[in-house]
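Peer 1: Given these sequences and hints, build the entire structure.
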Amino acid sequence: QKEVEQDPGPLSVPEGAIVSLNCTYSNSAFQYFMWYRQYSRKGPELLMYTYSSGNKEDGRFTAQVDKSSKYISLFIRDSQPSDSATYLCAMSANYQLIWGAGTKLIIKP
Amino acid sequence: EPEVTQTPSHQVTQMGQEVILRCVPISNHLYFYWYRQILGQKVEFLVSFYNNEISEKSEIFDDQFSVERPDGSNFTLKIRSTKLEDSAMYFCASSEGRQGAYEKLFFGSGTQLSVL
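Protein chains in written order, with the working numbering: chain L, 1 to 109; chain A, 110 to 225.
Wrong hints could be hidden among the right ones.
Where chain A lies over chain L, by a calculated footprint (3+ residues, C-beta under 8 Å) [unchecked claim]:
hint, segment
1, 42-54
2, 100-106
With a straight-line Cα cutoff of 25 Å, these simulated DSS-like cross-link-like pairs (lysine-lysine) come out [stated by the list, open to error]:
hint, chain 1, residue 1, chain 2, residue 2
3, A, LYS187, L, LYS67
4, L, LYS42, A, LYS151
5, L, LYS104, A, LYS187
6, L, LYS70, A, LYS151
7, A, LYS151, A, LYS213
8, L, LYS104, A, LYS192
9, A, LYS151, L, LYS67
10, L, LYS104, A, LYS166
11, L, LYS108, L, LYS42
12, A, LYS187, L, LYS70
13, A, LYS192, A, LYS213
Note that these hints are calculated values from the structure, not bench results.
C-beta: ideal position from N, C-alpha, C; glycine also.
Peer 2: What follows is the structure, given as structure tokens:
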């Protein structure tokens, strides 16, 4: 079983839709959970981070962590074509980040 | 906004040759990292560097790899004898504090290394 699993997509939705991106993980020691956005030919950019379980909201983005299910989500409201990118989850227990494979998101105008 | 810069953006080399990838981290950051991403695969941690020494490294970072901060601004990754499987996008990153807990990593745009 992979340590972090993420559906690679692509996920294609119309502009304005609510997007749900997800990762599952197997290591119950993970405490810190992050979402990065990566545009084509660019490095990852941190979008959201959360500690342990719960929700965190920042503008159109909401991150959720369910440690009991070992499941994290990123929701994007009112999606825009500029949100088209690859979204990577990353998590850590110590000081090494373990990454998901990334989900390619396409927002159609 | 300050950014991490990497050069070159593309590097083509022959198998067995040495390559040096260069990075200029953000000036007030203390922790520096190299990651790589093989096309279509996950981002993989290679090494972290703090206070002029390696603080963590992964299994990928074997004796063929080395890192150096030759002066106050540059941070380099050297691959001594490149293999075909070293072909990947190499990302440099830096942060104010140690990665993992609330630390925002700033990534460069990457160097695409192609080993022929």
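Peer 1: Going through the numbered hints above, which ones does this structure break? Give me the numbers in ascending order.
Peer 2: 3, 5, 8, 10, 12, 13
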